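Mind assembling these two chains? They're in different frames, but the hints should get you there.
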Amino acid sequence: MGLDTAWARAWVSRSAEVVSEHKTELITLDREIGDGDHGENLDRGFTAVLAKLDDLPAEARPGDVLKLVATTLISTVGGASGPLYGTAYLKGAQAVADADSLDADAVVAFLTAARDGVVLRGKAEVGDKTMIDAWTPAVDAASAAAQSGAGGAEVLSVAAEAAERGAETTDALVARKGRASYLGERAIGHRDPGAVSTALLLRAAADTASAS
Amino acid sequence: MTVGLVIVSHSAKIAEGIVELAAQMAQDVRLIAAGGTDDGRIGTSFDRVSAAIAEADDGGGVVVLCDLGSAVLTAETALDFLDDAQRDRVRIADAPIVEGSVAAAVSAATGDDLEAVLAAALSAAAQASGGSPAEGAAASASEGPAGDHGAVSATATLRNRSGLHARPAAEFVKLASTFSASVTVNEVDAKSLLRIMSLGLPQGSEVRIKADGEDADTAVRALVELVESGFGEE
Chain A
1 MGLDTAWARA WVSRSAEVVS EHKTELITLD REIGDGDHGE NLDRGFTAVL
51 AKLDDLPAEA RPGDVLKLVA TTLISTVGGA SGPLYGTAYL KGAQAVADAD
101 SLDADAVVAF LTAARDGVVL RGKAEVGDKT MIDAWTPAVD AASAAAQSGA
151 GGAEVLSVAA EAAERGAETT DALVARKGRA SYLGERAIGH RDPGAVSTAL
201 LLRAAADTAS AS
Chain B
213 MTVGLVIVSH SAKIAEGIVE LAAQMAQDVR LIAAGGTDDG RIGTSFDRVS
263 AAIAEADDGG GVVVLCDLGS AVLTAETALD FLDDAQRDRV RIADAPIVEG
313 SVAAAVSAAT GDDLEAVLAA ALSAAAQASG GSPAEGAAAS ASEGPAGDHG
363 AVSATATLRN RSGLHARPAA EFVKLASTFS ASVTVNEVDA KSLLRIMSLG
413 LPQGSEVRIK ADGEDADTAV RALVELVESG FGEE
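Chains as they are written, first to last, in this note's numbering: chain A, 1 to 212; chain B, 213 to 446.
The following block holds chain B by itself, in its conformation from the complex (with noise of 0.2 Å):
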């Protein structure tokens, strides 16, 4: 069982293009796009975001993301009609929807569970208002004492065309999270996609793998494999 993820916007091309984006970074998760209206025109339809609910549910729970006001409602509304059961395991992200579909995407696809797939939508949110929880944890984890085991770290090169960015950055986030040990790239959280895609790191450019816990030194060795690697791409 994974999460799933319905996009509700007030436009078909919005919400279709936000699983486009989303899924270049989270293939194997069920995206399921619910905008405009049930004959094409702008706004929200309660019989499509019921519908994709249930598209979007094996079982593990959906995260609804929502762009404009009455997108909002017309979820909440479509929950109001779903069983108990059913309506348990369904949440509503208060998130920016381009940000936060992106984040609870990938999120999705390390097999997270439907709280943390949410908590990784609500960063998103925490990250486009100009706070950012995850820049004062790596900088705790870069300043705090090493704890038992000591801090490990490595310096490798992007290789790859498009740098750690899009698929790329995705595919780091995700073997970044196996690992117990606080991870940080230039000094930012690891495993917050939004995070590193907000680096912006081209071709080219060095990286430096920072690890702190009990398997800190195969993270960063996994990690500068990886980025070694180019990521399969050219």
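In isolation and in its complexed conformation, chain A is listed as follows (with noise of 0.2 Å):
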């Protein structure tokens, strides 16, 4: 069965769902050092996307859906987070074109391209204490994965496990970015809200691919 369309809308789905049970939590860490509007922002998003899901055609490829989810995010998350995952899931729709179902290296491809569409966007690079601390260990960890041999659900579980890891390093970091960076040291022992809804939302897509 593979990572299809029905994986893809379940994706959706579950990060629906995943984003607003963690929306306290991330309106918490990014009122401690952004503007905490990030679980609302966030939140938002991923309810106007499921409601506009099932307007898809029934022969949607998992790239219209991923780009479905991109516009969406680019015209109603509001703050720095809806161009930023806009930006990446239109880039990492772009990447997986019109297949069918993603194997092991179009899921490489996807996350690959979805990172360097919010380094596009956003320039931040490792260690300035964003998303992209998630992003880049997530997509160093899948690579490795596929190249060695791993399936596709396989693939987005290892990617989902180095963005968590890479969230949590955020901790110990300076902002070099964002609102967060006008706080200077002060934000050190906060962890990334963009960083946090990365992980999740990579968890979200490993697990409903484990279950497809």
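What the hints contain is simulated information worked out from the structure, not anything from laboratory work.
This one's a predicted model, so the numbers in the text were calculated from it and none came from an experiment.
The reader is advised that the hints may include incorrect statements.
[What the hints assert, rightly or not] Below, simulated DSS-like cross-link-like pairs (lysine-lysine); rule was C-alpha separation at most 30 Å, straight line:
hint	chain 1	residue 1	chain 2	residue 2
1	B	225	A	123
2	A	52	A	67
3	A	23	A	67
4	A	23	A	123
5	A	23	A	52
6	A	23	B	386
7	A	67	A	177
8	A	123	A	177
9	A	177	B	386
Written out as structure tokens, the structure is:
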């Protein structure tokens, strides 16, 4: 069965659930070092995606689902995460093109393009205390796993784990991008909300992949 | 065709306020506010910014000015979705949003092209960060060799109530910009609105207008006349 459109739809539904479940946590993290709107913005974005999911034609491919996520997040989120995640999903969708399902290489291509999209938009590097601190380890781990012969679901699982560890590393960092950068050393000890939400979304991708 | 401006702020009030402020000095420029989210919260809206760019563009191009970080991200994303021809005539100015918008609006009102309007916005950035390219230019103009034509200067008294500020300052800059000669007012570049406004010259002040170049004589005479006319104010 593999990572087909049914998986992509399931991933979106699970993402909406996870973001909603963690909304308060994300708001709290963002309030500590940002403007406090990350949880609410993402929740609004994924709720809007969910509402549009049923309008997709039956023959939609995974790339069409990802593109819907992209355009909806861009126009509904409002904060920085809208353009950042929107660009990630958009570039990721372009990378998988019109494939009917994603194999391990396609998953790596998706993650790499998504990460590159975030870098293009936000100009952040690893160590800047941003979502890139979750994305880049995820891409690296996914790429290594695919090279050693892992399947698509396993690649996503490895990526999610790396993103979670990456998010944890942001605790010790001083922020160099976004609103948190105004705080200087006071940001140390706080986890970056964007890195946390990236890990949540990739975990949702892995969980729905292993269930499909 | 003229250059239009789009003001992107997290706050609808800030964007509208800047449009109001800049419009005072540049009535005929398309100044479009794109502040806040679609449902009136603090944030930026991709749809609002995209619509504002379309509204501001009559083919002459658009300069976009943004406030905090994600306003820039939203504007860049909006640019990504334009077709190539349209994207080619949109510029995001990395400039302080208030000063940059005012400087760009005045530049657009004088009929400057896209790159010149962008440069006007960016010159506001240089001034805000303490650099003063205009001052350097003015100093070299007054100290340098007089050239073939020689410098011409005259003084005039500001009779109008608001002095050389806001709309009168903009009118002064617009007129000064029509001459090829380099022009200074009290030693600052007379073609830079922000430099002139930073002089803070009130009613009753004496201004020393100096010009150097081919049409220096005409320039000084016209500018003195404008100042003495009181800019149509009380």
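Structure-based check of each hint:
1. Distance restraint check for residue 225 of chain B and residue 123 of chain A: the Cα-Cα separation of roughly 29 Å lies within the 30 Å cut-off, and the hinted pair is therefore satisfied.
2. Between residue 52 of chain A and residue 67 of chain A the CA atoms are separated by roughly 12 Å; this keeps the pair inside 30 Å, and the hint holds.
3. This hinted pair checks out: residue 23 of chain A and residue 67 of chain A have alpha carbons roughly 23 Å apart, not beyond 30 Å.
4. Among the hinted pairs, residue 23 of chain A with residue 123 of chain A is consistent with the structure: their alpha-carbon atoms are about 26 Å apart, no more than 30 Å.
5. Taken as a hint, the residue 23 of chain A and residue 52 of chain A pair is honoured in the structure, with Cα atoms around 21 Å apart against an allowance of 30 Å.
6. At roughly 53 Å between alpha-carbon atoms, residue 23 of chain A and residue 386 of chain B are farther apart than 30 Å, so this suggested pair is violated.
7. For a cut-off of 30 Å, the pair hint linking residue 67 of chain A to residue 177 of chain A stands: about 26 Å separates their Cα positions.
8. Between residue 123 of chain A and residue 177 of chain A, the direct Cα distance comes to roughly 9 Å. Compliance with the 30 Å bound is thereby established for this hinted pair.
9. Straight-line distance between C-alpha atoms of residue 177 of chain A and residue 386 of chain B comes to about 39 Å, which puts the hinted pair past the 30 Å bound.
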